[in-house]
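Colleague: So the sequence lines, in the order shown, correspond to chains Y and P.
Residue numbers for the first sequence follow our numbering, beginning at 1 and rising by one.
Residue numbers for the second sequence follow our numbering, beginning at 1 and rising by one.
Some clues are possibly wrong.
Capping the alpha-carbon separation at 25 angstroms, the derived lysine to any residue pairs in SDA-like fashion look like this [said to hold, decoys possible]:
no.: 1; chain 1: P; residue 1: K51; chain 2: Y; residue 2: R303
no.: 2; chain 1: P; residue 1: K137; chain 2: Y; residue 2: R232
no.: 3; chain 1: P; residue 1: K51; chain 2: Y; residue 2: E299
no.: 4; chain 1: Y; residue 1: K283; chain 2: P; residue 2: K51
no.: 5; chain 1: P; residue 1: K137; chain 2: Y; residue 2: L416
no.: 6; chain 1: Y; residue 1: K283; chain 2: P; residue 2: H123
no.: 7; chain 1: Y; residue 1: K237; chain 2: P; residue 2: L115
no.: 8; chain 1: P; residue 1: K137; chain 2: Y; residue 2: I234
no.: 9; chain 1: Y; residue 1: K237; chain 2: P; residue 2: V114
no.: 10; chain 1: P; residue 1: K165; chain 2: Y; residue 2: R302
no.: 11; chain 1: P; residue 1: K51; chain 2: Y; residue 2: R414
no.: 12; chain 1: P; residue 1: K165; chain 2: P; residue 2: E126
no.: 13; chain 1: P; residue 1: K137; chain 2: Y; residue 2: S230
no.: 14; chain 1: Y; residue 1: K283; chain 2: P; residue 2: M161
no.: 15; chain 1: Y; residue 1: K237; chain 2: P; residue 2: R140
no.: 16; chain 1: Y; residue 1: K283; chain 2: P; residue 2: K137
no.: 17; chain 1: Y; residue 1: K283; chain 2: P; residue 2: A113
no.: 18; chain 1: Y; residue 1: K283; chain 2: P; residue 2: E126
no.: 19; chain 1: P; residue 1: K137; chain 2: Y; residue 2: W218
no.: 20; chain 1: Y; residue 1: K283; chain 2: P; residue 2: P118
no.: 21; chain 1: Y; residue 1: K283; chain 2: P; residue 2: A109
no.: 22; chain 1: P; residue 1: K137; chain 2: Y; residue 2: V308
no.: 23; chain 1: Y; residue 1: K283; chain 2: P; residue 2: Q141
no.: 24; chain 1: P; residue 1: K137; chain 2: Y; residue 2: R414
no.: 25; chain 1: P; residue 1: K137; chain 2: Y; residue 2: A224
no.: 26; chain 1: P; residue 1: K137; chain 2: Y; residue 2: R302
no.: 27; chain 1: P; residue 1: K165; chain 2: P; residue 2: V114
no.: 28; chain 1: Y; residue 1: K237; chain 2: P; residue 2: N116
no.: 29; chain 1: P; residue 1: K69; chain 2: Y; residue 2: V308
no.: 30; chain 1: P; residue 1: K51; chain 2: Y; residue 2: V308
Over the 10 angstroms line for every Cβ pair with chain Y, so calculated as not near, a few chain P residues [as the list claims (entries may be wrong)]:
no.: 31; residue: T14
no.: 32; residue: R107
no.: 33; residue: T119
If you are wondering where the hints come from, they were derived from the structure by calculation, not from laboratory data.
All residues carry an ideal CB built from backbone N, CA and C; glycine is no exception.
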Amino acid sequence: MTTAEVVGPEGAAPPDEHREGRGGILGFWDQLTSDIRQGNLGIVPIILGQIFIVVFFSFKATNFFTAINFSNIIIQMAGTTMLAFGVVFVLLLGEIDLSIGFVAGIGALIVAELQLPGTGWQVNGLIAMLIAVAACALIGVVQGSIVAFVGVPSFVVTLAGYLIWQGVILSKLQVRGTIIIQDRWINYTASYYFSHFAGYLIAAAVTAVYPVSRLVGWLRQRQANVSGESIRSIALKSAGIGLAAFGVVAICNHGVVQGTPFGLPLAGLLILIFLVVLTFLAKRTLFGRHVYAVGGNAEAARRAGINVPRIRVLVFGISGATAAVGGIILAANVNSVALTFPPSTLLLNSIAAAVIGGVSLFGGRGEVRGALIGSLVIATVSNGLDTAGYSTGTIYIVTGLILLLAVTLDTVSRRLQVRAGR
Amino acid sequence: MTDTTPLLELRNITKTFGSVQALTDVDFEVRPGEVMALVGDNGAGKSTLIKCIAGTHMADSGQVFFEGKEVTIHGPRDAGRLGIEVVYQDLALCDNLDVVQNMYLGREAARYAVLNEPTMEQHTTETLAGLRVTTIKSIRQPVATLSGGQRQSVAVARAVMWNSKLVILDEPTAALGVAQTEQVLELVRRLGEQGLGVVIISHNLHDVFETANRITVLRLGRNVGVFEREKTTQQEVVEAITAGQPTKVSGIPATQVVA
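The shape of chain Y in the complex, shown without the other chains (with noise of 0.2 angstroms):
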């Protein structure tokens, strides 16, 4: 690289020669293997590491590679995604959030009250998880605003955070015991189960959302005359896409118990939901772009005029929100909030879920589909040892060298990374 580096003086070819190169599945190829040399591993070995898994698991246990199965893994798995989404951003920042698990908590709490008939504050399921996720928002604003504007770190005031929103929870529920859920809306987020038309609806709508948006893009990228991603990719990447959705819907549609058919869980459509719209504010605003921003460089994003403590504080507020969404899906999936809830290892799996699926914990790298990533092969990996009959114990080491080994990859692949560039 070192030679190439003077100048042409009479500076010939324009710097626009990007993204050139065989288009479809071999212009695929061609970047998958110049990301490989470079270190650049990406998701490729999650993905692998997922089938594997998928396969061992297929063999060591007979109910694990079912139908209903797979519906299950969704709905265990929706909780801690939620959690892991907002993780995402807090991590980008190069912060931590602690919190969140009993934040969850504290949502699953509120709701659980706001629903609970004869105590005159009794409302509709919707608006009570709509005033949870609100309040849990604005726990997060105010932990955001104390790292923000006093300068106290992220894991101190989150540390604070856990044991008091534990304590809250606490207090609370030892004198009231469990609380029953019995609102249908709010059980619905762990139990409701789309009719096999409406699951295919839900597929053929997302199969044809993806392609629009794309040409949508590529058309702005022709008018400014830039290069952009081909049309074959684009159609190549929706095919897989649509092969995805009726695939997840297909498998799901297949599920019976006891004859009773079973369909698409809502709470996958809200995974998916919560990944589109996250993706969205991540990759294609300011915001997103600053939070980016923030976690490479903080100095560099204030003197380039960026509000930096706004975005500090915007982030712990996305946390505290996701965090109230899991809790309530965590809480409906047993349809009550008891004093156990919630599991202790929800913050911990949450933030493994984040780092498996590549975020770093140093800032600025990272994507949210990420945390969907990890938190399946988390899920798997749990769903899978507990079919096959391991103990709480085995799953817990399991996951915990899946974490090693994950973040380890992901640490020599930089490494890689670094020596490719310079």
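Dock chain P against the given chain Y, drawing on the hints supplied.
Modeller: Showing chain P alone in chain Y's frame:
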């Protein structure tokens, strides 16, 4: 050099930090299309002078003229509005972002908070082509993967892109190898050819003589001379840096100021 109004002119700038007299009656000027080097030993007041221009510091007394009009610069925003951009030594780039994203850092093109990538990509391409920065393979690669010279080029291009009239470069070659230094110096000359005023701060007299049209020497917070590159030697400049006598502008007798 044509004899037009200076782009930037500082007169009798004085700045003290507590009991330390950082700048004493310093005069400084940059003409359009000129590369002006600012040299001096450590503690000569180069950085302080730059910060007065960039708005990071306010001078205690003295006048600043920009394009012939007297201005006061209260902060970096004022400087930016006038068309003054500073490229600091650390470059202030985000390693995790790509070239386009860094060029538009904090000034992203967007409608309803949604980024307009095609526009940003197009302008970045044009700006880099205009500066003939041709070594960057893809403007969509993260800045972390660029060499030191390429990073410097991105930082300079970013400063130029915003209709700036005066670009100040703080030690642009300090961390670079020979080939990359050459690349950046070429870029600095080109900025001058495009009609911008350029101030380059450097410890390296070789770089200064490679690029600058004129050289302002500071010593202990005072002017000790302004030299035309074609009429001076490195020897003369080194003497001015190490032992120069205070003089307002070359040719005019020194004014004695008691601090």
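Colleague: Could you run down the list of hints and mark each one as holding or not?
Modeller: Structure-based check of all given hints:
1. Among the hinted pairs, K51 of chain P with R303 of chain Y is consistent with the structure: their alpha-carbon atoms are about 14 angstroms apart, no more than 25 angstroms.
2. A threshold of 25 angstroms between alpha carbons decides the hint, and for K137 of chain P with R232 of chain Y the separation of about 23 angstroms falls inside it, so the pair holds.
3. Only pairs whose Cα atoms come within 25 angstroms are accepted, and K51 of chain P paired with E299 of chain Y is accepted, the gap being roughly 17 angstroms.
4. Of the pairs offered as hints, the one joining K283 of chain Y and K51 of chain P is violated, with about 35 angstroms between alpha carbons and a cut-off of 25 angstroms exceeded.
5. The suggested pairing of K137 of chain P with L416 of chain Y holds, with an alpha-carbon distance near 19 angstroms, which does not exceed 25 angstroms.
6. The hinted pair formed by K283 of chain Y and H123 of chain P meets the criterion: a straight-line CA distance of about 20 angstroms does not exceed 25 angstroms.
7. Restraint check: the Cα-Cα separation between K237 of chain Y and L115 of chain P comes to about 22 angstroms, which is no more than 25 angstroms; the hinted pair holds.
8. Distance check on the hinted pair: K137 of chain P and I234 of chain Y sit about 23 angstroms apart at the alpha-carbon level, within 25 angstroms; holds.
9. Proximity of K237 of chain Y to V114 of chain P is assessed by CA-CA distance (about 23 angstroms); at most 25 angstroms being required, the pair is judged to hold.
10. Of the supplied pair hints, the one linking K165 of chain P and R302 of chain Y holds, its CA atoms being roughly 23 angstroms apart against a limit of 25 angstroms.
11. Taking the CA atoms of K51 of chain P and R414 of chain Y, the gap is near 37 angstroms; set against the 25 angstroms cutoff, the hint is violated.
12. Using a Cα cut-off of 25 angstroms, the hinted pair K165 of chain P and E126 of chain P holds, with the two alpha carbons roughly 18 angstroms apart.
13. Between K137 of chain P and S230 of chain Y the CA atoms are separated by roughly 19 angstroms; this keeps the pair inside 25 angstroms, and the hint holds.
14. Note on K283 of chain Y and M161 of chain P: the hinted pairing holds, with a Cα-Cα distance of about 23 angstroms set against a maximum of 25 angstroms.
15. This hinted pair checks out: K237 of chain Y and R140 of chain P have alpha carbons roughly 20 angstroms apart, not beyond 25 angstroms.
16. Under the criterion of a C-alpha separation no larger than 25 angstroms, the hint pairing K283 of chain Y with K137 of chain P is consistent with the structure, at around 23 angstroms.
17. At roughly 12 angstroms between alpha-carbon atoms, K283 of chain Y and A113 of chain P fall within 25 angstroms of each other, so this suggested pair holds.
18. At roughly 24 angstroms between alpha-carbon atoms, K283 of chain Y and E126 of chain P fall within 25 angstroms of each other, so this suggested pair holds.
19. Of the pairs offered as hints, the one joining K137 of chain P and W218 of chain Y holds, with about 22 angstroms between alpha carbons and a cut-off of 25 angstroms not exceeded.
20. For the hint pairing K283 of chain Y with P118 of chain P, the CA-to-CA distance comes to about 14 angstroms; that is within 25 angstroms, so the pair holds.
21. Pair hint K283 of chain Y plus A109 of chain P holds up; C-alpha atoms about 14 angstroms apart against a cutoff of 25 angstroms.
22. A threshold of 25 angstroms between alpha carbons decides the hint, and for K137 of chain P with V308 of chain Y the separation of about 31 angstroms lies outside it, so the pair is violated.
23. Proposed proximity of K283 of chain Y and Q141 of chain P is supported: the alpha carbons are some 16 angstroms apart, at most 25 angstroms.
24. With a C-alpha separation of about 20 angstroms, the suggested pairing of K137 of chain P with R414 of chain Y holds against the 25 angstroms cut-off.
25. The straight-line distance between the Cα atoms of K137 of chain P and A224 of chain Y is roughly 20 angstroms, inside the 25 angstroms bound, and the hint therefore holds.
26. Between K137 of chain P and R302 of chain Y the alpha-carbon distance is near 28 angstroms, which puts this suggested pair outside the 25 angstroms criterion.
27. Taking the CA atoms of K165 of chain P and V114 of chain P, the gap is near 30 angstroms; set against the 25 angstroms cutoff, the hint is violated.
28. For the hint linking K237 of chain Y to N116 of chain P, the alpha-carbon distance of about 22 angstroms falls within 25 angstroms, and the restraint holds.
29. Our distance criterion of 25 angstroms between C-alpha atoms is broken by K69 of chain P and V308 of chain Y, whose separation comes to about 35 angstroms.
30. This hinted pair checks out: K51 of chain P and V308 of chain Y have alpha carbons roughly 23 angstroms apart, not beyond 25 angstroms.
31. Residue-level check passed: T14 of chain P sits 27 angstroms from the nearest beta carbon of chain Y, beyond 10 angstroms.
32. Chain Y draws R107 of chain P into its interface by the beta-carbon criterion, the shortest separation being 7 angstroms against a cut-off of 10 angstroms.
33. Chain Y draws T119 of chain P into its interface by the beta-carbon criterion, the shortest separation being 6 angstroms against a cut-off of 10 angstroms.
Hint compliance for this structure: hints 4, 11, 22, 26, 27, 29, 32, 33 are broken, all remaining hints hold.
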